[in-house]
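1 is the number of the first residue of the sequence shown in the working numbering; add one for each residue after it.
Read the hints as simulated data drawn from the structure, not as lab findings. Hints may be right or wrong, so weigh each one.
As the list claims (entries may be wrong) - Below are the DSSO-like pairs computed for lysine-lysine, each with C-alpha atoms no more than 27 Å apart in a straight line:
#1 K152 with K124
#2 K123 with K64
#3 K153 with K117
#4 K152 with K120
#5 K108 with K178
#6 K56 with K120
#7 K66 with K108
#8 K50 with K31
#9 K57 with K124
#10 K85 with K31
#11 K117 with K56
#12 K50 with K66
#13 K31 with K57
#14 K57 with K120
#15 K152 with K123
#16 K66 with K85
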Amino acid sequence: MVQILDTTLREGEQSDGVFFSVEEKINIARKLDELGVDIIETGAPAVSPKVAEAVKKIAVLGLKAKTLAHSRPLLPEIDQVIESKVNQIGLFLATSNLHLNNRLHMTKTQAIDISIKGIKYAKKHGLEVRYTPEDATRTDINFLLEICGQAKKAGVDRICIADTVGIEQPESYGKLIKTIVGQIKIPVEVH
1 MVQILDTTLR
11 EGEQSDGVFF
21 SVEEKINIAR
31 KLDELGVDII
41 ETGAPAVSPK
51 VAEAVKKIAV
61 LGLKAKTLAH
71 SRPLLPEIDQ
81 VIESKVNQIG
91 LFLATSNLHL
101 NNRLHMTKTQ
111 AIDISIKGIK
121 YAKKHGLEVR
131 YTPEDATRTD
141 INFLLEICGQ
151 AKKAGVDRIC
161 IADTVGIEQP
171 ESYGKLIKTI
181 VGQIKIPVEV
191 H
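Go ahead and model the full structure; you've got the sequences and the hints to work with.
Structure below.
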């Protein structure tokens, strides 16, 4: 089954000089819902009070589309998502050696532990959970399969394989997705 997930409200503001007001975000969400989008990424409440306000207001609009908010697997950030009343959470954590060593200063074991703790916490609070190993296409395949497998065991509903820096070609990306689907046997999103 193919579902359409729109990232305009989150990714759109990652463009230089782009910022949507709360009202603009609400209008965009309504238009996306009218178009029949299945899931709307509403933003990451931890980013700012304005983003948190928009996420909360969109979550209670009564849209047909499911609403998803982003969070690192940190309990205070997950609590902000829970408070927003969205249907789903998109937990993300960088998993490439480059990010683990130089940005997060964490081991692979720590990355697994924090991810699993976040997934279980979000599930316990009734959220549908998507887990994104950020920078997945530069992550060692064995570790990628391990962390995705652990996420599945923790109860994650689906995995999103993020080509964060846009290095993959369609053929190699397709091969990676096929490997993950074949070995982990869980719904997969592509990014």
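Here is what the structure says about each hint:
The suggested pairing of K152 with K124 holds, with an alpha-carbon distance near 15 Å, which does not exceed 27 Å. For the hint pairing K123 with K64, the CA-to-CA distance comes to about 22 Å; that is within 27 Å, so the pair holds. Between the alpha carbons of K153 and K117 the distance comes to roughly 12 Å, so the proposed pair stays at or under 27 Å and holds. A hinted pair counts as satisfied when its Cα atoms are at most 27 Å apart, and K152 with K120 qualifies at roughly 11 Å.
Annotation: proposed proximity of K108 to K178 holds, straight-line Cα distance about 23 Å (limit 27 Å). This hinted pair checks out: K56 and K120 have alpha carbons roughly 22 Å apart, not beyond 27 Å. At roughly 32 Å between alpha-carbon atoms, K66 and K108 are farther apart than 27 Å, so this suggested pair is violated. Our distance criterion of 27 Å between C-alpha atoms is met by K50 and K31, whose separation comes to about 20 Å.
Pair hint K57 plus K124 holds up; C-alpha atoms about 23 Å apart against a cutoff of 27 Å. For the proposed pair K85 and K31, the alpha carbon gap of about 20 Å is at most 27 Å, so the pair holds. Between the alpha carbons of K117 and K56 the distance comes to roughly 24 Å, so the proposed pair stays at or under 27 Å and holds. For the hint pairing K50 with K66, the CA-to-CA distance comes to about 21 Å; that is within 27 Å, so the pair holds.
Annotation: proposed proximity of K31 to K57 holds, straight-line Cα distance about 15 Å (limit 27 Å). For the hint pairing K57 with K120, the CA-to-CA distance comes to about 26 Å; that is within 27 Å, so the pair holds. The suggested pairing of K152 with K123 holds, with an alpha-carbon distance near 12 Å, which does not exceed 27 Å. For the given pair, K66 sits about 11 Å from K85 by alpha-carbon distance, which is consistent with the 27 Å threshold.
Comparing the model with each numbered hint stated earlier shows that hint 7 is the single one that does not hold.
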